[in-house]
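S.K.: Residues per chain, in single letters:
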Amino acid sequence: MSCRDCGLCIGRGKKCPSLPQGSRRVLLMGNPNVGKSVFFSRLTGTHALSSNYPGTTVGFTEGTMKYGGKIARLTDVPGAYTLDPTNEAEVIARRILNEGADIVILVIDATALERNLVMAMQVLEHDIPVVIALNMVDEARHRGIIIDVQKLEEELGVPVVPTVAVTGQGISELISKMDEARVSPIQPMSKEARWNAIGEIISKVQTVTHRHHTTMDRIEDVSAHPVLGGIVGFLVLILGFMVIRFVGEGIITHITDPIFENFWILALEKLSGILGEGPLRNILIGTLIDGEIDLEQSLGVLSTGLYVEFGMVLPYIIAFYSGLSFLEDFGYLPRLAVVFDALLHRFGIHGYAIIPTLLGFGCNVPGILGTRVLESERERFIAATLISVGIPCVSIQAMLSATLGEFGMGYVAAVYVILFCVWLILGRIMHLTLKGYSPELIVEIPPYRIPSLKAWSNKLWFRIKDFLYEATPLVLLGIFLVNILDTLGVMDKLAVALSPIFQGFLGLPPETAVPIVMGLFRKDIAMGLLIPIGLSAQQMLVAVVVLAMTFPCIATFIILWKELGSKRMLMSSGIMISAALVTGGLLNLFFKVIL
Amino acid sequence: MNLLQLRDEESAVIKSIPAGEAGERLEALGLRVGKRIQKVSGMPFGGPITLLLDGRHFAVAHAIAGKIEVECVDHTEHTERPTVEKSRLWPKFI
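For the record, the sequence lines run as chains A and B.
Heads up: the first sequence begins at 3 in the numbering used here, then just goes up one per residue.
Heads up: the second sequence begins at 63 in the numbering used here, then just goes up one per residue.
The set of hints was computed from the structure by calculation and includes no laboratory data.
Mixed in with the good hints, there may be bad ones.
Stated by the list, open to error - Derived list of chain B stretches under chain A, where covered just means 3 residues or more per stretch with a C-beta under 8 Å from a C-beta of chain A:
id, stretch
1, 71 to 83
2, 116 to 129
Claimed, not checked - Just a sample of chain A residues kept apart from chain B, beta carbon distances all over 12 Å, derived:
id, residue
3, V120
4, A195
5, S225
6, I257
7, Q505
Ideal placement from N, C-alpha and C gives every residue a C-beta, glycine not left out.
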């Protein structure tokens with residue numbers, strides 16, 4: 003397996019989890035959104051991201067599990083509806099299966115048996131022992147669907163275990179049945195014959211009784227309503243951002259700021275006294291502003307570095323992922339895809355692209371990885387470029403208050419409005435100029451589910467941990483580098499070199515070049531570096547917009563390279579730089595002419 | 063008639079689906095000839111059609127929906143529907 007396929011190790015500072023050759027290989031397969039990742043977490047004890055929408059696992063995740071006293075390598079294969087691939091995930095699924103395995107654990111959604119049996123039959127036609135987990139039997143019962151497990155076992159010729167993965171029901175039985183996994187007697191057949199066989203199996207094993215319209219069904223109807231659905235969609239997004247700001251700022255004001263101001267500053271002052279004047283103090287604590295340490299402006303590794311990451315960005319990470327994880331597990335995101343399809347269609351991407359776009363508001367890395375749910379290369383290019391240009395990640399959003407907040411909330415809102423317009427215009431331009439073909443939206447919309455508090459908090463913790471592991475070294479290293487380069491005088495030379503663009507075209511003082519170039523490292527430090535320059539409100543707005551649109555941070559850069567290839571990555575970067583300069587220039591012009 | 067022409071909440075049987083990649087994707091999801099579906103709604107401005115198949119919701123792009131031929135079977139089951147109708151009355155008026 004080439005490393006191109008997985009991508010989960012990239013940008014996360016993690017090593018590849020693959021094990022030495024010779025261990026047993028177990029595959030976890032099934033349709034999208036049947037709970038494979040929940041099984042993976044249960045079976046291996048490690049966490050795999052799971053959500054209530056098809057396509058959460060776009061690469062594959064591997065871990066180790068134990069059964070019957072043996073150690074095995076378990077692969078969480080991306081969800082596929084069929085092994086005659088219709089998208090990237092299905093291509094990967096087929097390739098992994100064709101490489102062979104000792105056992106396949108096939109997860110089947112009991113609430114949609116007929117559709118799930120298509121891929122199940124295709125897997126059973128292979129010469130590999132299979133054990134089936136009939137998942138979500140509780141939800142099926144609520145829906146009035148009753149499945150005769152014994153008969154299904156007879157029909158398919160392999161063990162079938164009813165499970166409810168989210169609660170853990172049936173998991174231990176599944177593990178004990180793994181030794182009984184068998185090769186099914188089902189032989190390869192044509193598509194027609196397979197549908198007929200499935201029809202016959204369904205008529206033998208499944209009975210569906212009537213059920214009443216539930217409250218959840220009614221909420222589902224509202225979100226699919228032509229007018230209400232759109233209103234609900236925009237309300238959810240706007241409310242979402244307001245709640246994130248409210249919670250993020252709340253944590254900053256009431257928790258992190260008091261901690262930093264009452265305790266950390268005192269410790270730093272002591273340290274500053276011990277260190278005395280010198281380069282070490284400059285790097286660790288930074289320059290003193292009016293004889294005191296200023297957490298936002300001193301620019302030391304231990305002062306501004308730690309404050310930016312833990313004091314300002316972390317609260318927003320918590321706020322953002324609390325909201326997003328809830329919407330994911332509830333199952334709202336695919337409905338947003340339906341609401342946005344008509345708009346996104348005009349950009350040459352279909353509505354499902356809204357899901358990676360939303361992920362991009364947290365961090366562009368998972369956002370761009372998430373574009374794998376889109377089928378064509380053209381769509382992935384458009385979506386990935388739009389995310390890196392027009393979607394401000396949480397690091398940028400968290401620093402908006404520090405940079406623009408003092409000039410009024412209007413300026414903070416202006417950043418969103420400008421970026422949204424850029425996103426619209428750039429999307430339209432790319433659609434009209436890029437060659438290639440974009441497929442249409444055809445997607446299953448999962449039922450709403452009340453998220454379990456445990457799954458939600460696990461996921462939140464997983465994402466926070468990920469941020470800390472990934473961001474901490476880069477933030478600290480970035481601040482360290484700025485200080486070194488500043489001492490060496492490199493920063494001044496850079497500012498002079500870029501000053502025609504900055505001073506003439508963007509109307510910014512030359513030293514603004516430094517933070518914008520530093521944006522390559524992390525956007526949050528770059529935003530922090532803008533503060534001590536003393537820009538006017540309009541200059542700050544131009545600088546923030548240019549910073550948000552131009553080169554992505556290093557992690558996003560690597561992922562773009564991996565996902566798009568070097569040629570398309572360069573093209574995407576070109577679009578980013580031109581779009582940033584044009585927007586910044588126009589804004590500057592606007593301020594000069596109008597005001 | 064095609065899926066676009068079908069009115070909201072009407073049931074129909076799928077008569078034909080487009081060939082090619084879109085057709086394969088529809089089939090993989092279980093939307094194939096002979097299946098009975100119910101149209102839930104169509105989003106404005108050329109947005110997707112939401113439909114119900116075996117108790118599951120699916121969304122199909124406007125352009126694809128126009129290529130899915132269906133035969134309305136609704137007249138046969140009008141008698142069972144009032145309860146559902148009532149619960150959906152209020153969104154209809156907005």
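S.K.: According to a criterion of three or more residues whose C-beta lies within less than 8 Å of a C-beta of chain A, is the stretch 116 to 129 of chain B covered?
M.R.: holds (count 11)
S.K.: Against chain A, does the stretch 71 to 83 of chain B show at least 3 residues with beta-carbon separation below 8 Å?
M.R.: violated (count 1)
S.K.: Beyond 12 Å from every chain B Cβ: check whether that's true for I257 of chain A.
M.R.: Holds, since 41 Å exceeds 12 Å.
S.K.: Would you assess whether S225 of chain A, listed as outside the interface, keeps its beta-carbon beyond 12 Å of every beta-carbon in chain B?
M.R.: Given a closest Cβ separation of 9 Å, the condition is violated.
S.K.: Can we trust that V120 of chain A is non-interface, i.e. its beta-carbon lies farther than 12 Å from all of chain B?
M.R.: Its Cβ does come within 12 Å of chain B, the nearest being 7 Å, so this is violated.
S.K.: Please settle this one: A195 of chain A was flagged as non-interface, so is its CB more than 12 Å from every CB on chain B?
M.R.: For A195 of chain A, whose nearest Cβ neighbour in chain B is about 14 Å away, the distance exceeds 12 Å, so it holds.
S.K.: Could you let me know if the closest chain B CB is still more than 12 Å away from the CB of Q505 of chain A?
M.R.: holds (44 Å)
Hints 1, 3, 5 from the earlier list are contradicted by this structure; the remaining hints agree with it.
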